[in-house]
Amino acid sequence: DAGITQSPRHKVTETGTPVTLRCHQTENHRYMYWYRQDPGHGLRLIHYSYGVKDTDKGEVSDGYSVSRSKTEDFLLTLESATSSQTSVYFCAIRRDRTQNIQYFGAGTRLSVL
Amino acid sequence: GDSVTQMEGPVTLSEEAFLTINCTYTATGYPSLFWYVQYPGEGLQLLLKATKADDKGSNKGFEATYRKETTSFHLEKGSVQVSDSAVYFCALDYNTDKLIFGTGTRLQVFP
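The listed protein sequences correspond, in order, to chains A and B.
With our numbering applied, the first sequence corresponds to residues -15 to 97, in that order.
With our numbering applied, the second sequence corresponds to residues 419 to 529, in that order.
All clues stand as given, with none of them false.
Only part of the chain A face toward chain B is listed, based on derived beta-carbon distances under 7 Å:
#1 29
#2 89
#3 91
The list that follows gives simulated cross-link-like pairs (lysine-lysine, PhoX-like), each with its CA atoms no further than 25 Å apart:
#4 A:37 <-> B:516
#5 A:41 <-> A:-5
#6 B:470 <-> B:495
#7 B:516 <-> B:470
#8 A:37 <-> A:54
#9 B:486 <-> B:474
#10 A:54 <-> B:516
#11 B:516 <-> A:41
#12 B:516 <-> B:486
One-sided and incomplete, this derived list gives chain A residues near chain B with beta-carbon spacing under 10 Å:
#13 42
#14 88
#15 90
Source of the hints: derived by calculation from the structure; they are not laboratory data.
Cβ atoms here follow ideal geometry from the backbone N, Cα and C, with glycine treated the same way.
All chains, full assembly: derive it from the sequences and hints.
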């Protein structure tokens, strides 16, 4: 158990609605990441955070925003969900300051109808 | 830019067969290399890593050697088990805050 909880684990929503996914860690690590996993694409980085209120974009950030108001929580928001955002979303933390070894949550399966 | 290329799957093997999953990378300099494994319904977990040329990472009977001359980090196991059925991801880190993942290779092992 990497001390990471993602919620919800499954969600079905409609096109155009806002959606927020939550990642919670119990270990007080500085770096947190949001990825999406799609067939044929592997894992692609959406956004990441390197501290409270410090975030940066990944390779597929369009249509997503993030917030980190406290160390333990990293929120991913789809402002207006589209069917192309149907995916499995993973949160990860980085524990080591010298090596980029990441530990992953169990994922959130999101379906946008 | 930096990238990772993995062999397409699925790889289908019988129990006790030898496994190789190919991974090559493109990067300037000397990245750290990783193999992650994802079991059904779970998140990824680190399987092994290597941080410099000629390093061999190993774990749970799996091995991979960092080959700078061929820019490769192939995953091998001498005798696979049904419980090894999973998706395997190769990844690199070039002194940044971000990992770059390959597209993943599904391994199916049958009794």
